[in-house]
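Engineer: Taken in order, these protein sequences are the chains called A, B, C and D.
Its first residue numbered 30, the first sequence is counted upward by one per residue in my numbering.
Its first residue numbered 30, the second sequence is counted upward by one per residue in my numbering.
Its first residue numbered 30, the third sequence is counted upward by one per residue in my numbering.
Its first residue numbered 30, the fourth sequence is counted upward by one per residue in my numbering.
Hints were generated in silico from the structure; no laboratory data involved.
Predicted model only: the values in this text are computed from it and were never measured.
Keep in mind that the hints are not guaranteed to be accurate.
Since copy identity is lost for identical chains, a pair holds within one copy or between any two.
Stated by the list, open to error - BS3-like mimics (lysine-lysine), calculated; alpha carbons at most 25 angstroms apart, straight line:
(1) Lys-36 x Lys-240
(2) Lys-143 x Lys-348
(3) Lys-414 x Lys-36
(4) Lys-41 x Lys-348
(5) Lys-65 x Lys-444
(6) Lys-168 x Lys-41
(7) Lys-313 x Lys-187
(8) Lys-41 x Lys-444
(9) Lys-335 x Lys-168
(10) Lys-455 x Lys-116
(11) Lys-361 x Lys-240
(12) Lys-290 x Lys-116
One letter stands for each residue in the lines below.
4 protein chains.
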Amino acid sequence: MSYSEEKLDEEKVFKDPVHRYIHVKDRVIWDLIGTKEFQRLRRIRQLGTTFLTFHGAEHSRFNHSLGVYEIVRRIVDNVFIGRPEWKENERLLSLCAALLHDLGHGPFSHSFEKVFHFDHEAFTQAILLGDTEVHQVLKRVDPVFPQKVAEVIAKTYKDKQVVSLISSQIDADRMDYLQRDAYYTGVSYGHFDMERILRVMRPREDQVVIKRSGMHAVEDYIMSRYQMYWQVYFHPVTRSAEVILTKILHRAKQLYQDHYKFQYPPTHFHSIFVEDVTLEDYLKLDESVILFYLQSWQQEEDPILKDLCNRFVNRRLFKYIEYIPNNEQLTKLVELRGLFLEAGIDPDYYLILDSSSDLPYDFYRPGEEGERVPIHLAMPNGKLKELSRESDIVDAISGKRRTDHKLYFPYDFLKDFSTNPSIKKKILSILRYK
Amino acid sequence: MSYSEEKLDEEKVFKDPVHRYIHVKDRVIWDLIGTKEFQRLRRIRQLGTTFLTFHGAEHSRFNHSLGVYEIVRRIVDNVFIGRPEWKENERLLSLCAALLHDLGHGPFSHSFEKVFHFDHEAFTQAILLGDTEVHQVLKRVDPVFPQKVAEVIAKTYKDKQVVSLISSQIDADRMDYLQRDAYYTGVSYGHFDMERILRVMRPREDQVVIKRSGMHAVEDYIMSRYQMYWQVYFHPVTRSAEVILTKILHRAKQLYQDHYKFQYPPTHFHSIFVEDVTLEDYLKLDESVILFYLQSWQQEEDPILKDLCNRFVNRRLFKYIEYIPNNEQLTKLVELRGLFLEAGIDPDYYLILDSSSDLPYDFYRPGEEGERVPIHLAMPNGKLKELSRESDIVDAISGKRRTDHKLYFPYDFLKDFSTNPSIKKKILSILRYK
Amino acid sequence: MSYSEEKLDEEKVFKDPVHRYIHVKDRVIWDLIGTKEFQRLRRIRQLGTTFLTFHGAEHSRFNHSLGVYEIVRRIVDNVFIGRPEWKENERLLSLCAALLHDLGHGPFSHSFEKVFHFDHEAFTQAILLGDTEVHQVLKRVDPVFPQKVAEVIAKTYKDKQVVSLISSQIDADRMDYLQRDAYYTGVSYGHFDMERILRVMRPREDQVVIKRSGMHAVEDYIMSRYQMYWQVYFHPVTRSAEVILTKILHRAKQLYQDHYKFQYPPTHFHSIFVEDVTLEDYLKLDESVILFYLQSWQQEEDPILKDLCNRFVNRRLFKYIEYIPNNEQLTKLVELRGLFLEAGIDPDYYLILDSSSDLPYDFYRPGEEGERVPIHLAMPNGKLKELSRESDIVDAISGKRRTDHKLYFPYDFLKDFSTNPSIKKKILSILRYK
Amino acid sequence: MSYSEEKLDEEKVFKDPVHRYIHVKDRVIWDLIGTKEFQRLRRIRQLGTTFLTFHGAEHSRFNHSLGVYEIVRRIVDNVFIGRPEWKENERLLSLCAALLHDLGHGPFSHSFEKVFHFDHEAFTQAILLGDTEVHQVLKRVDPVFPQKVAEVIAKTYKDKQVVSLISSQIDADRMDYLQRDAYYTGVSYGHFDMERILRVMRPREDQVVIKRSGMHAVEDYIMSRYQMYWQVYFHPVTRSAEVILTKILHRAKQLYQDHYKFQYPPTHFHSIFVEDVTLEDYLKLDESVILFYLQSWQQEEDPILKDLCNRFVNRRLFKYIEYIPNNEQLTKLVELRGLFLEAGIDPDYYLILDSSSDLPYDFYRPGEEGERVPIHLAMPNGKLKELSRESDIVDAISGKRRTDHKLYFPYDFLKDFSTNPSIKKKILSILRYK
């Protein structure tokens, strides 16, 4: 029997709180899970700094990756199997792409991407195609198999049916993370009837569509997504922690460039600071490494690095106010920066504007946002119809981008009137905090 | 108003997946949660190495500590309040002891306690009474308050009513962790009707008792406890990871004592290796620090340290067989040690016997295990009756200690026949693995 | 102690799947639950004919009434208590109105209201104010108390704060039935974070408002409501059973007026058929009585009554097609009626147009639909804001009435070509069923 | 294609709160569900009078029957399929027997069986083999098929593998009702990991066994069963309602034999009272019929029948005390009967001793209780082992019969001192109630 068809003697199961059990019968999948690069995902939290807002959100990307795999497995093995439109020979490819789609994520991706211009998708490609255990396993299937997996994840694979299982507006990735993040945070949003959605998914030549009879379950899913974005993912306290982490990375890089003498030298960061990171270096990064530095740097002499690390480690976060991006507020922001400088608080590190934005659902508009593949319903008459043309609810929220701006600052510094009391009072009166 | 009675302007709530919401209205509790020492519990997993068996079990002791606090809060504020036997003036003490009872836990406690003879209870006392932020907060309540909290946690406090809320066979600690660990692992054990149990708890002069009408809910709780111990806490795969970690710590200490030149020197371990650890050093330890070393030491030259760290980090665990402690097996074990030496595999690090043992419920027998306070039922006639005298189920399992022995070894080494094939074959035939 | 303040020696609890426990401590509430008229609600299903679509939906109005009571109890005893705007002296009134608000419902209310012009609200008033056990209990509180309860339920009570607890767009009634009906049907809609909503409810002079911070939970509730309406309450199969029941009642009345000689005379229906029903007669009606007749009438000679009863009892329901109310379809409907007559199938009983319509949320527009009290948010600045002005989602669906028309017919009759085959084929071709 | 192999064009699903979805693809199953006799199960509650104790327990046997079918379907289609020991040609037989196993149940079975010596198993056989719609459907499969289904349900079928799916100590019947009854009552017992148990079930030549690795899930199931029996099924309040119902039936029969002139004559009961009930008469019975009489008979002149019906309909149940069957208590019981007579309260109807008894799990002991087929574990070495020899917990409770006796009486009568005050006081002092 070829490696690609090899089955385990006995099916392995992982106990999973979200999907109850994750089933593995393919040798290839089992071997991939056992690789170093996949095990590394255990050391990277799925939701970055969110655990500082929702204490339950400590789950890793390892969890989520298994979950996405399991959803795709259920779709292809329980729903698509035997249907003429389904290309059964793409089964293993679909499962591997599902399992590995987040392989390139590093610790606290958002902040690292912002500061060092990391691109987790590029790292995913590098791991799949580079000198890694994952690559070795995939190559055993077929020499071109690693490349095919990489293309599915990059959405460039020619067969869009497979791509849309992993990446679309109702893909296995989104369905897993909404439920999983809801489970671990404990919020009551994020629930929808996935079992129903899976049962009404149908393969078509170049996409996966939803039978009309399942439309209401999809509406529920889209509303869940909307609520999770605003209640969890863009939570202002989470963003406060992210803002601080971003500033720590900026500061460390700055100090490194200034030849500051670290008590705990940033060994793991050298190639990062010069923005020439190798795959090997990248794979050594995980959250324990980053937290090790953050904790150690609390003992540094540089007051900004020391303070920011203390804030992150001990959860002494910045406070925030709403910010509306108009001329009046912009003028105020400029004035505030001046006052911060006067008060001896570096505004580059301590007065931060942060924005979040989401588009709950959008249909495809040629030429823009090409990857937002719309959801198509298969109508009783056999034709396809774009979701928002059939659903009042989805139509109502379709294409409405919502943006939220917040201004972050260290309230504890400002209310410490032992220095510069009058300036600080002026700042506080402009901020009108509380 | 005194600090001990101070309330927050607005009640704070934490979203919690297990108890839905955790409510904080007391200023003292809020301040304790904000201390460095309490925040540190975020960086220590509740279940140590269990996440390598149950991938969902990544939750921290921070979670659990809040949970225990919340349970005690519900008991005292919703059930005990207004009852003549309840000492309302012990309310804050009870809440603080609940919140802080695990404060002294370090990373991977089991392994550290085994290798370095750490005593997390002693560290809890040290944090409560030493130069810490927690101590500062407690002292503001009353100069003797830190001492009182320490006594409740140490079970030496004179008022046993308060002690039994936190430490008994059906205390808030156990009720929280059973449910919480079940939630995060996803197992179906660990559920019982806590709401019912809380409603039937009654304060007595020197203990907390359960109304007879709630006996069945208590039976269910005891069965949950039994199942969780054997299905989760003593899971052989978890113990495999623990065995490896223990051996890593042994090896690092040995190398340190042998003046081995570490590529990544064990800075954080110096005072630990000489078993003269200070509170300050101890508080710097957390799982990110330990994992940082484990990951780094994969690059060490010492083959044993390098190998063991690789095993832990990349989850290449030891396999195991059942071991029955009789003469025949003991003889075999001695023989195996000899064969391991011959095969060039150090049995001190690679052939490990590990035992787990549990007593699901026991009533008090004078002179032994004094801290196993039995559960008393308050019968309709007002008298107390020890649980196992009333419950058939509990009587049936009462006092029955169950022990489980496993022998751990590196199956991958043994099946590598490139060296010493005949010895290894002999070992495998003795082990009769698979 | 006055009767209105009397407490039970020991709190009574009802195990409830939706709210876990329902707590009763007030003697008045306990006595009301024990009355004949309240116990009668056990014999009336909450969702009428819905159990023929969702087999789990067999729960009674007794369930729901206790649930509404419990929600109001939690609001007033856990959230409103102690707030200056809350009129504590209205507590018992609120609880009683909550418990009794559905007291006048009869079996299969919809159909009876349609055919006999019953008004369950009028019956509620009659039970509260008439010669009933409920009235006796309420009168013991205060001679004017029954009248006050009646006014709250009729929404004419002067204190709108109390009224809006029971009747508004986010009242205890709706919150209970959405969750309860979801639980028993097993659908995944109907879930929202009620605990959160209760926590952010605030009493105002003339209404109950929601703190802005709870807006997202309210959005979720409104979406749940929307989904429950279309997925459960207006389910076309449920409506099919209702259509048949309505026609049975029509037929029985017609036969009665025509002096048809019933084998099982409609003793319980006499005063109903002449539309002069007494309270005593009304209270004798429950679902077992109605089902007794439906089952017995399967043996009647009248072919229409016999057939319709057989359909209802043995669930041989009408099929349906979509109907769009335009000229073309109207013409077809007229044609169909003619063909039905030709085919010997009485269209008055066998060709039925049924419509359902819902307005998911609407703000108040003076002069119309006065009872649709809008939901107001209490903004951080203390001002009130109507929900749809703050919530994008609610604004999107606000005021959008959706109507659904279906045409029902007996497919089994039409496909029986043993008589009038050509006419039936013509009918089927017009209906284009399947 | 033969009828037995015919599949529906599109799979039908029933939304079920316990199993989420019930799937039907076989034409035979679909046709059976549509029969009159199966639909009749909608009108018979699964738990008889339990809804008077747990208000949520209003679910019908229709629910449960579908649930048992679904469990067997999952076992045979997802777990057994393809295994050499599984007789795939018994698949449809297994499904039909599962679906129809409770077909012969009547309304309030317990009471009817007690008073009229009904045997619901005999009625099941009669429906399967008699002139019924169910029989017609089964006969279409094969002329001997009705007989085979009847034998499986009667446990006389030669192939014990099939029998043990439906009737054993861990059969689909028990697994469904434990979960279902827990769901509808809302109690927290009754939960166990059925998905796990199904996955470890294995067909053997003459039985279904459980893989050793699933033993703990089975332990959990047995504990659930134990708790459900004592917390729900034998609840003393439920038994109070049953006692009253039994006495109503006794009284009505007595009056009928005494030629009492009923205002509402017991038309449906004639053949029952003479214990010569036909299948046709039996099938006309359902709970609405029985409740119709109970409600009507509240207007009868006979004071006992009138009173007992009023008690049942309006839930004015008997109170109870514990009764220990020893000489002393027996003497008291005799004395009490005398005093009841003196007080003018007929002890045959108003002083009732009721017993419940359960054996949580028992292994097979030759010659006794032959149908209690024990649970066998398939050990890793391939041998079978009876569960209680491997499980400490099960061993502890195995074979321990527990019996509970209660004495029921009308407390309201006894505390009415307007007549015979001294005798009643004496009675109350003997009963020592409250």
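Engineer: It remains to establish, for every hint, whether it holds in the given structure.
Structural biologist: Consistency of the hints with the structure:
{"no.": "1", "hint": "Lys-36 x Lys-240", "result": "between (32 angstroms within a copy, 21 angstroms between copies)"}
{"no.": "2", "hint": "Lys-143 x Lys-348", "result": "within (21 angstroms within a copy, 43 angstroms between copies)"}
{"no.": "3", "hint": "Lys-414 x Lys-36", "result": "neither (39 angstroms within a copy, 30 angstroms between copies)"}
{"no.": "4", "hint": "Lys-41 x Lys-348", "result": "between (47 angstroms within a copy, 16 angstroms between copies)"}
{"no.": "5", "hint": "Lys-65 x Lys-444", "result": "between (48 angstroms within a copy, 21 angstroms between copies)"}
{"no.": "6", "hint": "Lys-168 x Lys-41", "result": "within (23 angstroms within a copy, 43 angstroms between copies)"}
{"no.": "7", "hint": "Lys-313 x Lys-187", "result": "neither (33 angstroms within a copy, 52 angstroms between copies)"}
{"no.": "8", "hint": "Lys-41 x Lys-444", "result": "between (57 angstroms within a copy, 22 angstroms between copies)"}
{"no.": "9", "hint": "Lys-335 x Lys-168", "result": "neither (46 angstroms within a copy, 28 angstroms between copies)"}
{"no.": "10", "hint": "Lys-455 x Lys-116", "result": "neither (67 angstroms within a copy, 42 angstroms between copies)"}
{"no.": "11", "hint": "Lys-361 x Lys-240", "result": "neither (53 angstroms within a copy, 29 angstroms between copies)"}
{"no.": "12", "hint": "Lys-290 x Lys-116", "result": "neither (59 angstroms within a copy, 57 angstroms between copies)"}
Hint compliance for this structure: hints 3, 7, 9, 10, 11, 12 are not met, and every other hint is.
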